[in-house]
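> Chain by chain, the residues:
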Amino acid sequence: MSNKITYISQDHLITQQATAEKQFIAEFAKKDYTIEAPYVVKNPYLINPLCALIMFKTSEEVSPTLTVCGKRYSREDLSHTFAAGTVHRLPVLGLYEDFANRVIISLPDGTTSSVTIQTATLPKAVCRCRNISASADYLQNNLMFLTPAGKNLPTAYDYKGDIRWMLTEGTMFDIKRAANGNILTGSNRFCRMPYNATGLIELDMLGKIYKEYRLPGNYHHDHFEMEDGNLLILTQDFHTDTVEDMCVLVDRNTGDILRTWDYKKVLPQNVAGSGSQSDHDWFHNNAVWYDKPTNSLTLSGRHQDAIINLDYDTGKLNWIIGDPEGWPQEMVDKYFFAPVGDVNNFDWQYEQHACVVCPDGDIMVFDNGQFRAKSKENYLKNCENFSRGVRYRIDTEKMEIKQVWQYGKERGQDFFSPYIGNVEYYADGHYLIHSGGIGFKNGIAADHLGAHMDKNDPTVELRSVTVEEKDGVVLYQLETEGNFYRAEKLPLYHDGDNVTFGPGQLLGKLDVTPEFDTVPDAEEANCLPDSWHAIKIEEDEDRIVFHGKFERGSLVMLCLEGDAKSHHYYINTSAVPYLAMCSGAFLEKDDRDIKLNISKEGLDGKLAIKIIINDKKYDTGVVIFTSYRKR
Amino acid sequence: MIQEINTEEYDALDRSGPMLVEFYSKTCGPCKMLAFVLRDIDKLMPDFKIFIIDFDENNELKERLGVKGFPTILLMKEGVEVSRLTGLKQKPVIIKAIEEIL
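Chains Y and P, in that order, give the protein sequences.
Each residue of the first sequence is one higher than the one before, counting from 1 in my numbering.
Each residue of the second sequence is one higher than the one before, counting from 1 in my numbering.
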């Protein structure tokens, strides 16, 4: 037996990256680096091992071209020509892992030089391509970006299935390219179980984070960039009893919340529940889309098997796509559509993800199909079920709906994802369908979500399958290990600034973590807790994350004790069943391992961290000072 | 006044007036915390009747009252359930529920 506490103080990645950037800029300034002998920084922003930054100066203003040579032949080369200048900082993107990558820099006058960049083997958590069917002509300079649904990592694959981009931090949920060329995705910073991250991050392909948009209700599932750059982000209010039922509009420059849509105001919470619904997670909003022609928000609610549309200005409910069974008749009459056309082959969507509004107003969605019925007695088993991409045409005057396309039903359980997934519209007849949550147990579709399955169990197989279909022909299929939340096809480079120097910003704010107003009696233990509890306290600029292992049924409270004021946080040690687990990034193998995030909002001064376990109070010996650096 | 009772004692109770009945389990962390919350409420409202019942040892009673989990708080008046709270709640929530039956 021993007694131990682990304390880790680590700067936010934005701060670490700013420090690293300062150092390599200073190093570059020490010498006159030329195209023949450029300055090369591997993985400059610490989280992308398949990239580098090449810097040099030229006497004349020139526009350099950088080429990452293909592994096999020049057809595979990735090239980009950068804006003219005399000081050049060229992101090198798309390096092969564990390989001596040849990188050529050339100038318009014919001057050429090359450098070799050796990379290492990627981390074990990376999911490999199992099969790919694609051509270089079809994929061109694009990679398929997949975002993790568990402890795997964000990864992008080329036409051969080679990983050419990845992050070593588990950023999560949606990934989209912003109008300025950066990418927007969920932060990897834990805030609340099951999968709520502190906010949304904007980063470039090197992995440099420019902004983190923190939210009091945290970030989950999806976001959407408006024409003016402001961001729609899915969130919730943790000071109410429900979750995943709010959307906010966030100012792109300040991180301030400009507007809030609370779906509790337009929908009843206790009707038409899907098989995964709970009182707490009654709607499970997993997608948002703004449509300019109709000035409306389209939102996917997995736990009501419903896609809803709200007027952007008034927040008023316009319509609902979904099986009307279980909804109040007055709502069915007012908001629901009646199928028309080939009704024999019409299917409603169930527990869907990722709604998209097409340019002509059609609605596309990834229809997971979990349960595929409203009444328990009609639920389909996963092994008899199917998932698909589907496109519906809606007539909001006649309130009629027609299914105009689907892909996936014919593949049955092989393409079945009980959770996650997305569709993309490229043009009429040209779509992406991503079934990212496939899980088999003993060769048949498993009863559990992938995030809850043990991938080390030899009878378990987790898969992600991404398909692109054009005019009914499959032109691309990627099958990988593991489960991936979404797929997005993107080129590595864009025509804007592919890197900008200067420190990133932490915008917005977290909420004040709710406290418990009753403190149980406990005797001072005068020792550290037993090391079995594996107590770990992590601290960064804006939060403290407490980790510990506790037997179920223990009474546990975290106490931050100050001279002027103390703060108390109850820690629930009961097993919590999660019916939805769209990302298992924060899930622990042993459900006795518990973590609690405490925002530094509302904390002030010197605070001693103590922990009550049943009838004993232990002083961890860790003291924090909460005059934290505000940006 | 907080008093632990069993099924027989519950059935024999004079259930006139308002009271709070909590079903708890010895294996439940939230129940342990709730015991301290109820203790504090008892200090604030010493005349209000609070009864606690072991969920695991009073099966017939819990089924009769439709209690499916723990902790569950029943707010009762004249022997009739007026409202119920499930899971751990903080003092203000419980006090508000009590005030509604006073």
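To be clear, the hints were calculated from the coordinates, so they are not data collected in a lab.
Remember, predicted model here, so these are calculated numbers, not experimental data.
Take the hints with a grain of salt, since some may be wrong.
[Claimed, not checked] Taking lysine-lysine pairs in the DSS-like style, the calculated list, with each CA pair at most 27 Å apart, reads:
1. P:K96 to Y:K595
2. P:K26 to Y:K549
3. P:K96 to Y:K265
4. Y:K265 to P:K89
5. Y:K264 to P:K96
[Stated by the list, open to error] Computed far set for chain Y versus chain P, every beta-carbon distance over 12 Å:
6. I25
7. A100
8. R130
9. L184
10. V332
11. E400
12. D447
13. V474
14. G496
15. F516
16. D517
17. P520
18. R552
19. V556
20. V622
All residues carry an ideal CB built from backbone N, CA and C; glycine is no exception.
> Hint by hint, say whether it matches the structure.
Results of checking the hints against the structure:
1. Annotation: proposed proximity of P:K96 to Y:K595 is violated, straight-line Cα distance about 31 Å (limit 27 Å).
2. With a C-alpha separation of about 19 Å, the suggested pair P:K26 and Y:K549 falls inside the 27 Å cut-off, and the hint holds.
3. Between P:K96 and Y:K265, the direct Cα distance comes to roughly 24 Å. Compliance with the 27 Å bound is thereby established for this hinted pair.
4. A threshold of 27 Å between alpha carbons decides the hint, and for Y:K265 with P:K89 the separation of about 25 Å falls inside it, so the pair holds.
5. Between Y:K264 and P:K96, the direct Cα distance comes to roughly 23 Å. Compliance with the 27 Å bound is thereby established for this hinted pair.
6. Distance check for Y:I25 against chain P: the nearest CB is about 51 Å away, which clears 12 Å, and the non-interface claim stands.
7. Here Y:A100 stays apart from chain P, with its beta-carbon at least about 56 Å from theirs, past the 12 Å limit.
8. No beta-carbon of chain P is positioned within 12 Å of the beta-carbon of Y:R130; the least distance is around 43 Å.
9. Every beta carbon of chain P lies more than 12 Å from that of Y:L184, the smallest distance being close to 36 Å; the non-interface claim holds.
10. Every CB of chain P lies more than 12 Å from the CB of Y:V332, the least distance being 31 Å, so the non-interface label holds.
11. Every beta carbon of chain P lies more than 12 Å from that of Y:E400, the smallest distance being close to 43 Å; the non-interface claim holds.
12. In this structure Y:D447 is separated from chain P by more than 12 Å, as the shortest Cβ-Cβ distance comes to about 23 Å.
13. Every Cβ of chain P is farther than 12 Å from the Cβ of Y:V474; the closest lies at roughly 48 Å, confirming the non-interface assignment.
14. With a closest Cβ-Cβ approach of about 50 Å to chain P, Y:G496 is found to remain outside the 12 Å limit, as its non-interface label requires.
15. Once the 12 Å rule is applied to beta carbons, Y:F516 is inconsistent with being away from chain P; the minimum gap is 7 Å.
16. Taking the minimum C-beta to C-beta distance to chain P, about 6 Å, the non-interface status of Y:D517 is violated against the 12 Å cut.
17. Not every CB of chain P is more than 12 Å from the CB of Y:P520 (nearest about 4 Å), against its label as outside the interface.
18. With a closest Cβ-Cβ approach of about 7 Å to chain P, Y:R552 is found to fall inside the 12 Å limit, against its non-interface label.
19. A Cβ of chain P approaches the Cβ of Y:V556 within 12 Å, the least distance being about 7 Å, so the stated non-interface status is violated.
20. At the 12 Å boundary, the C-beta of Y:V622 stays outside the reach of chain P, the nearest C-beta of that chain being 23 Å off.
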